[in-house]
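Asker: This is what each chain is made of:
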Amino acid sequence: MVGREPHQGQCGVGQMDRRLKPDGSSLTPRKGTVDLVGVTKRYGEERVVDRVNLSVSGGEFFSLLGPSGSGKTTTLMMIAGFADVDEGGISVDGVDVAGLPPQRRGFGMVFQNYAVFPHLDVFENVAFPLRARHIATDVIERKVGWALSLVHLDDLARRYPRQLSGGQQQRVAIARAIVFEPRIVLMDEPLGALDKNLRYAMQVEIKEIQRRVGMTVVYVTHDQEEALNMSDRIAIMNRGRIEQVGTPAEVYEAPATTFVARFLGEANILDGEVVATVQDVATVRVSTHVIEARTARPAGVGERRAIFVRPEKVLIGRDRPGLATNTVPGIVRRVSFLGNIIRYGIEIAPSIMITVDAQNAGSERPTVGSEVTLHWHRADTVALAG
Amino acid sequence: MTRPLARPSTSTAIWRDPSLLIAPALAFLAVGFVLPLVWFFVATLSDVGSAAEIVALFSDTITLRAVETALVTTFWIALLVTLACLLVGYPIAYYLNLTERGRFVIVLFCIIVPYFTSVIVRTYAWMVLLGRNGIINQFLLASGLVEAPVALLYNKIGILIGMTYVLMPYMILTLYAAMRAIDPSYLRAAHALGASRLFAFRHVYLPLTLHGVISGALIVFILAIGFFVTPALMGGPSDVMIAMLIERSVEITLDWPAAASMSLVLVLATLVLYAIYYRVTDVQRMMGHEP
Numbered sequence: 272m273v274g275r276e277p278h279q280g281q282c283g284v285g286q287m288d289r290r291l292k293p294d295g296s297s298l299t300p301r302k303g304t305v306d307l308v309g310v311t312k313r314y315g316e317e318r319v320v321d322r323v324n325l326s327v328s329g330g331e332f333f334s335l336l337g338p339s340g341s342g343k344t345t346t347l348m349m350i351a352g353f354a355d356v357d358e359g360g361i362s363v364d365g366v367d368v369a370g371l372p373p374q375r376r377g378f379g380m381v382f383q384n385y386a387v388f389p390h391l392d393v394f395e396n397v398a399f400p401l402r403a404r405h406i407a408t409d410v411i412e413r414k415v416g417w418a419l420s421l422v423h424l425d426d427l428a429r430r431y432p433r434q435l436s437g438g439q440q441q442r443v444a445i446a447r448a449i450v451f452e453p454r455i456v457l458m459d460e461p462l463g464a465l466d467k468n469l470r471y472a473m474q475v476e477i478k479e480i481q482r483r484v485g486m487t488v489v490y491v492t493h494d495q496e497e498a499l500n501m502s503d504r505i506a507i508m509n510r511g512r513i514e515q516v517g518t519p520a521e522v523y524e525a526p527a528t529t530f531v532a533r534f535l536g537e538a539n540i541l542d543g544e545v546v547a548t549v550q551d552v553a554t555v556r557v558s559t560h561v562i563e564a565r566t567a568r569p570a571g572v573g574e575r576r577a578i579f580v581r582p583e584k585v586l587i588g589r590d591r592p593g594l595a596t597n598t599v600p601g602i603v604r605r606v607s608f609l610g611n612i613i614r615y616g617i618e619i620a621p622s623i624m625i626t627v628d629a630q631n632a633g634s635e636r637p638t639v640g641s642e643v644t645l646h647w648h649r650a651d652t653v654a655l656a657g
Numbered sequence: 011m012t013r014p015l016a017r018p019s020t021s022t023a024i025w026r027d028p029s030l031l032i033a034p035a036l037a038f039l040a041v042g043f044v045l046p047l048v049w050f051f052v053a054t055l056s057d058v059g060s061a062a063e064i065v066a067l068f069s070d071t072i073t074l075r076a077v078e079t080a081l082v083t084t085f086w087i088a089l090l091v092t093l094a095c096l097l098v099g100y101p102i103a104y105y106l107n108l109t110e111r112g113r114f115v116i117v118l119f120c121i122i123v124p125y126f127t128s129v130i131v132r133t134y135a136w137m138v139l140l141g142r143n144g145i146i147n148q149f150l151l152a153s154g155l156v157e158a159p160v161a162l163l164y165n166k167i168g169i170l171i172g173m174t175y176v177l178m179p180y181m182i183l184t185l186y187a188a189m190r191a192i193d194p195s196y197l198r199a200a201h202a203l204g205a206s207r208l209f210a211f212r213h214v215y216l217p218l219t220l221h222g223v224i225s226g227a228l229i230v231f232i233l234a235i236g237f238f239v240t241p242a243l244m245g246g247p248s249d250v251m252i253a254m255l256i257e258r259s260v261e262i263t264l265d266w267p268a269a270a271s272m273s274l275v276l277v278l279a280t281l282v283l284y285a286i287y288y289r290v291t292d293v294q295r296m297m298g299h300e301p
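Line by line, the protein sequences are chains A and B. 272 is the number of the first residue of the first sequence in my numbering; add one for each residue after it. 11 is the number of the first residue of the second sequence in my numbering; add one for each residue after it.
Looking at chain A on its own, in the form it has when it is part of the complex (with noise of 0.2 Å):
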């Protein structure tokens, strides 16, 4: 990080240059972590954080995710300085914020609505932030030229927003966010409001930036696939709590609870009843039939369990014996053409389905009535609690 631009010998934003002297001395360093202890916010009686912990490091792209109104932007504004905190301690380098206005927090912000000035071109809404610090003329030239050449903006400075599509705006946010080198940058749903395809790519953008500065993101959006594209680790929210927090691949296969299975795309979970547990492997029973599972706390025989199990983990064959493999009979109900994938509703019991997906290989094709075989890795099936 010592040394990429545009720092090279120049003294600029205050101490954040210190620490990146071209020997690579540091006298104050900021890492960008951000701890939350016990944090709480309450309207009224209800509360709509909930005693949340987290711990981002520096560096480290995290992700709030949450369906609405399960805390995670009022959780990004408490960070933000925006809303008070309380009950709990938020802490930036490990210095606390609390007593910090918003202008004072040093942290880039991009918005959902952009939140691009109407007033002002490109560059001016870039060189904002330095303008707002009272960085010399020079400074801000090469700057604003750094941050508007990393979204690919060059071209656009003398522009104004409305004559900008949403994803240039966007750009413009991003680069306004970016433009004084924060440690930290916020993000409240920033691809919200652009069309499914730019937001790909958008996502892809963002990444790339953040790994270039090496700034630490905050990161809130409801879209999972998103945050699971994007991520570190991702924090899960449900009214006002953290459910799992988890790097992508964690909190999508080994989910922690039945609300985190569901949120993070398609899942089966059947209800069942613990039959017998060795070390870390529950057997349980669903309806009449067997089924091993992993457990993260341990399980009691007896005790009810939510068996859950990825659809595209789940194969679809006439006898596929294997080791450590749950093996499941069933009816084909439904049969839904989704393009690259195939996905199938089988019935393993009254009343009781599977979804599976299958990749659309051009094998061959159960169809409604048939009678198969379903199997799944035992690694792959979690029994759940509650």
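You may find that some hints are simply not true.
As the list claims (entries may be wrong) - To give a feel for the contact side, a few chain B residues facing chain A, derived at Cβ under 8 Å:
{"id": "1", "residue": "Ala94"}
{"id": "2", "residue": "Arg198"}
{"id": "3", "residue": "Ala199"}
Claimed, not checked - Each pair of labels, with its calculated beta carbon distance range:
{"id": "4", "chain 1": "B", "residue 1": "Ala191", "chain 2": "A", "residue 2": "Arg429", "range": "18 to 28 Å"}
{"id": "5", "chain 1": "A", "residue 1": "Arg429", "chain 2": "B", "residue 2": "Asp292", "range": "39 to 49 Å"}
{"id": "6", "chain 1": "B", "residue 1": "Asp193", "chain 2": "A", "residue 2": "Arg430", "range": "15 to 25 Å"}
{"id": "7", "chain 1": "B", "residue 1": "Leu89", "chain 2": "A", "residue 2": "Leu371", "range": "42 to 52 Å"}
{"id": "8", "chain 1": "B", "residue 1": "Gly154", "chain 2": "A", "residue 2": "Leu371", "range": "44 to 54 Å"}
{"id": "9", "chain 1": "A", "residue 1": "Gly340", "chain 2": "B", "residue 2": "Asp292", "range": "35 to 45 Å"}
Unchecked claim - To spell it out: a stretch of chain A is covered by chain B in this simulated footprint if at least three of its residues, at any positions, have a beta carbon under 8 Å from a beta carbon of chain B; those stretches are:
{"id": "10", "stretch": "397 to 407"}
{"id": "11", "stretch": "490 to 497"}
{"id": "12", "stretch": "643 to 654"}
It should be emphasised that the hints constitute simulated quantities derived from the structure, not laboratory data. Quick caveat, the model's predicted, so the values are computed rather than measured. Positions of the beta carbon are idealized from the N, C-alpha and C atoms, including for glycine.
Since the structure of chain A is already known, use the hints to place chain B on it.
Answerer: Just chain B, lined up with the frame of chain A:
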């Protein structure tokens, strides 16, 4: 299949062309305002003679010392009133935008309700307050701030106070509308990106309300240059505004051609200012600020 369309033809015409809805108002305006105005100019100026003679009369009239003075006074007072409205009105409009609903209603009530009373009544009320033995002077004398009563009436101060008061709501409501249209996330973004309150106000809020400032100022200025009652009642003998001079020419000296010339100046000034106003609101739409 083909149900008979029994709708009367007039109502279908209205549905097809909504501009018919404003036809009665336009007709009234034409008969009650445009026609008399045109008639006045045509009747009085045709008496004068040829076009050259009209131009001569026109330039003679507006270069008369009294008319010149009145024009300067008019524009000067209008300018001062506009500035006063802006200075007092901006903070009030700003407050209206920030405050919660209860207080908003009360303040708005205080701004609007007095305007259900006639201008004359309100002007007399100010005269009671501002006179030599008025409440304000009594207070100033009693508190020992002044030795002798301050002249607040029958001079420019009186006119300024009276006109500023009467024209204030136009400024406040115009500014309020402009401020209302500002997405609060702009200020939020400014603060998040390191701008102090003052910097955010100076570089984001003020520029975004600028079209409102210009619109409000033009409305107040246009109304102020044609003002008659308040300056007539509250001004002194030297504070003659152009509308008062027109009235004197029509009523006292019976010099209608002179009145027509002066009216023409007033109408032209108003039209020019209105054209500017139109441009500003157009620009505002271009900038994406729907009022």
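Asker: Against the structure, test the hints numbered earlier, and report the numbers of the ones violated in rising order.
Answerer: 1, 5, 11, 12
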